[in-house]
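Chains as they are written, first to last, in the working numbering: chain A, 134 to 431; chain B, 2 to 554.
Don't take each hint at face value.
To be verified - On the chain A side, residues computed to face chain B include the following (Cβ under 10 Å):
{"id": "1", "residue": "L195"}
{"id": "2", "residue": "D262"}
{"id": "3", "residue": "A274"}
{"id": "4", "residue": "A286"}
{"id": "5", "residue": "A387"}
{"id": "6", "residue": "Y392"}
Bear in mind the hints are in silico, worked out from the structure with no lab data behind them.
Using N, Cα and C, we set each Cβ at its ideal position, and we do this for glycine too.
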Amino acid sequence: MTLLDAPITPLDEQPHLPPGAVHVGARRRRWPGVGPLLAGLFLAILVVAVIRPSLLAHGNPLTVDQAATLLPPSIHHLFGTDQNGRDVYTRVVYGARESLSIGLAATAVGLALGMILGLAAGLGSKWIDTVVSRFLEVMFAFPSMLLALLFVAMFGAGVTSLIIAVGIGTAPGYARMIRGQVIAVRDTPYVEAARVLGHSRKRIVFRHVLPNAMRPLVVLGTLGVGQAIVWASALSFLGLGAAPPAPEWGAMLAAGRDYISVAWWLELIPGAVIVLTSLATTALGRHIQRGIEGRIST
Amino acid sequence: MKHKRSLLALLAAAVASGLVLAACGSSAASPPGGSTLTSSSKPVRGGTLVYLEDREESCLDPQIGGDIPQAMIAAQYTDNLVYEGPDGKIEPWLAKSWTISPNGRVYTFTLRDNVRFTDGTPLNAAAVQANIERVVNPKTDSSTDGGYIAPFYQSSKVLSPYVLQVTLKTPDSSFLDVMAQSYIGIESPKGFARGISANCDDPIGSGPFEIKSYVPNQEIVLVRNPHYNSPPPGSPHTGPAYLKEIIWKIVPDASVRWAALQDGEANVIYYPPAEDWASAAASHITIFTHERPGSPNSIILNAAASPFTSLDVRQAFLYASNEKASLKSAYFGTYPYVGSPLVPGTPDYDSAFQNAYSYDPAKAEQLLEEAGWTGHNSHGYRTNKLGQVLSVSIPYDSDPGYTPSEDLTLYEDIQAAEEKVGFDVTLDPLSSTAYDDLWSNGKYQTLAGGYWITNTPDVLRTLFSTQALKYYGTNASHSSDPQLDTLLAEGLAEQNPTIRQKLYDEAQAIVSKEAWILNLYPAEERLAIASNTHGVSADYAVGLPDFYSTWIS
Chain A
134 MTLLDAPITP LDEQPHLPPG AVHVGARRRR WPGVGPLLAG LFLAILVVAV
184 IRPSLLAHGN PLTVDQAATL LPPSIHHLFG TDQNGRDVYT RVVYGARESL
234 SIGLAATAVG LALGMILGLA AGLGSKWIDT VVSRFLEVMF AFPSMLLALL
284 FVAMFGAGVT SLIIAVGIGT APGYARMIRG QVIAVRDTPY VEAARVLGHS
334 RKRIVFRHVL PNAMRPLVVL GTLGVGQAIV WASALSFLGL GAAPPAPEWG
384 AMLAAGRDYI SVAWWLELIP GAVIVLTSLA TTALGRHIQR GIEGRIST
Chain B
2 MKHKRSLLAL LAAAVASGLV LAACGSSAAS PPGGSTLTSS SKPVRGGTLV
52 YLEDREESCL DPQIGGDIPQ AMIAAQYTDN LVYEGPDGKI EPWLAKSWTI
102 SPNGRVYTFT LRDNVRFTDG TPLNAAAVQA NIERVVNPKT DSSTDGGYIA
152 PFYQSSKVLS PYVLQVTLKT PDSSFLDVMA QSYIGIESPK GFARGISANC
202 DDPIGSGPFE IKSYVPNQEI VLVRNPHYNS PPPGSPHTGP AYLKEIIWKI
252 VPDASVRWAA LQDGEANVIY YPPAEDWASA AASHITIFTH ERPGSPNSII
302 LNAAASPFTS LDVRQAFLYA SNEKASLKSA YFGTYPYVGS PLVPGTPDYD
352 SAFQNAYSYD PAKAEQLLEE AGWTGHNSHG YRTNKLGQVL SVSIPYDSDP
402 GYTPSEDLTL YEDIQAAEEK VGFDVTLDPL SSTAYDDLWS NGKYQTLAGG
452 YWITNTPDVL RTLFSTQALK YYGTNASHSS DPQLDTLLAE GLAEQNPTIR
502 QKLYDEAQAI VSKEAWILNL YPAEERLAIA SNTHGVSADY AVGLPDFYST
552 WIS
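Let the sequences and hints guide you as you build the complete structure.
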């Protein structure tokens, strides 16, 4: 099991974390450590690559040059060139938009689906809770990647399919966490108090339950983006994602795999970027998580 | 169950032995028809050969559908009625002699009388008749064999247990060539009487090996036919095969096949990655190639779909593609460029069209202007007066067994070249099922990866005739030209080689001018062979792997 595969402990399963109590406690600034700083720096660069890639790379990621194929990294081509003579550095920079967009969108889809299911289970009747919970258990019986593969197999390859597929694959995990969180918040004293004060159910849900139950999703979402990027890259690697010549990182990995014996940089560099991005989002997510815990514990 | 695009129709006598390659030492192709085994290399009997193929057989029986992998496996377990020799001449095999009536319509074959199928039944005139009548029966869905023979087949008659007379409706100068292809390797009628499905999994022939087991999309195990006595002419040896067993595995990824060969997990692999050829010698691996005749690997343009309904646009696409340089780059110079409708080596090939569409972006732009694509949108792509963008989709099968990485590199280069003159080209990876559906429903602008392997110029009728468009489903460019139809019909019926060449020259001129396909490179038999594996060969006509005289040291 890799670091990225390591289970993330849902906030609602942590005994020292009273759900819904995150808005109490004093703020305390602490040195975040080298890891989160580096992660933040790396992600900041990626954000620049997403918003304005031309600031980091001046070339065109799609320009082919048959006279410059498979050149190793050099001063002229920082990350070398690929089998079409395209500059790998430029493609990695421009690929950030594609890969991160897929990661963010897939996480959003997963969270949205998870919220719908989780809220329905947590706030609905016992009957709904039972149905949704059993449904989630069935979904959990399938490996998440298999769910994603099934979706792509049914609806075809492509970026949109990829986003939805990864979103569906991650949704059951989010749904279960959200359900637990909602149930925990639902039974807290301040919600009980609101109920006693005669507040409407709608007001209780939107003013008290949702804001407090959803707050941990910031952490989950951050952690999830990294995971989604890895999954999306995996599906693209299998030829089920972005179509060539899009500079999507997973697709770059896939296109380069047959050249690994003559051009190691085609695999190593996109692979390293995917790993670093996932590590960075995970490190940042963990940092935020610790921050929340810290605030709560003081 | 057919893969129309890989269309093949391999011809030529399957198993035969031509171009034998001894992989010992520095290994080089042998003289045609002869063994290259040196005096110090004494063949060893026994042993298991592991062969890695790039894609699965939809059915092990080549008469059903008719795709390259089917013919490859059929070449191991069937013999053919006739054999195509190194000079392209048709020679005896199961038929020890034959006569052709003066009008070219009646063929009388006299068969060998000592050959049996591996199920013990005799291979006689009735068996051959059953095979022919099977492939011409529409219910068999024998698109390759049936496509060749059915239009001309009239009847057949068993004159005696080992004499068969076949009568054609009209003369067919390609009939014997077709009968030399492994696509119509002769099978046991008792075997196919079990039904198509049962025979697909366990077909029975009279070849040097027989099917022992088959796990679809994983592996086929073949064992030696201990009674084999019918090798084709020029075989390095007679009697049963040297190998005891062949394990035939399906490994779509070329780099995985290559790694397996390097690691000693395989003896022979199909289609080694071009980028690794340079390191083959250092690994004591021999690369063996043999050009296959027919039509080259190509991108087919659909003349029935916009924008390729316009001849100017089709020609512009070909002038703009720069495929010659792209091919050299993508395949590391391992493939020759073929710009003509027929691959060199195909009978009646005309070299005049080899460079008909040399890279000329200016000419492409001029043609597009003339065709009305005069505007440009904000991305630089051409538009017409209606504001439509000159968009072209190139679908391809994303299975690396169908579209190896080199092909994808080639397509991406072509895409970039087309964009320079204003085509907005997208590459669309599809699953094999989706690709086949697209081929069938005709709703495409182009199709990447089309080629057809056969040893006759009649491939032009298969690919471009109105007849093929209406009845066979093999005319993917939806071309229809009455003059071409006439030339192809006359060429097929013509017995005089000089006149036939002239007819096919004219036909090739029309196909080239009409720009229905962007020609790329010839289909080739490409094998990589481990240093301990000797005597691997391929038939002269289409280069199907032949393991009859193969042995392992």
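Evaluation of the provided hints:
Given hint, L195 of chain A at the interface with chain B, holds; its Cβ is 7 Å from that chain's nearest Cβ, closer than 10 Å. At a threshold of 10 Å, the smallest CB-CB gap from D262 of chain A to chain B is about 39 Å, leaving the interface hint violated. Given the 10 Å rule on beta carbons, the hint for A274 of chain A is violated: about 26 Å separates it from the nearest Cβ of chain B. Evaluation of the A286 of chain A hint against chain B yields a held restraint, the C-beta minimum of about 8 Å falling below 10 Å.
A cut of 10 Å between beta carbons decides the hint on A387 of chain A: the least distance to chain B is about 9 Å, and the hint holds. For the restraint placing Y392 of chain A at the interface with chain B, the shortest Cβ-Cβ distance is roughly 5 Å, inside the 10 Å limit, so the hint holds.
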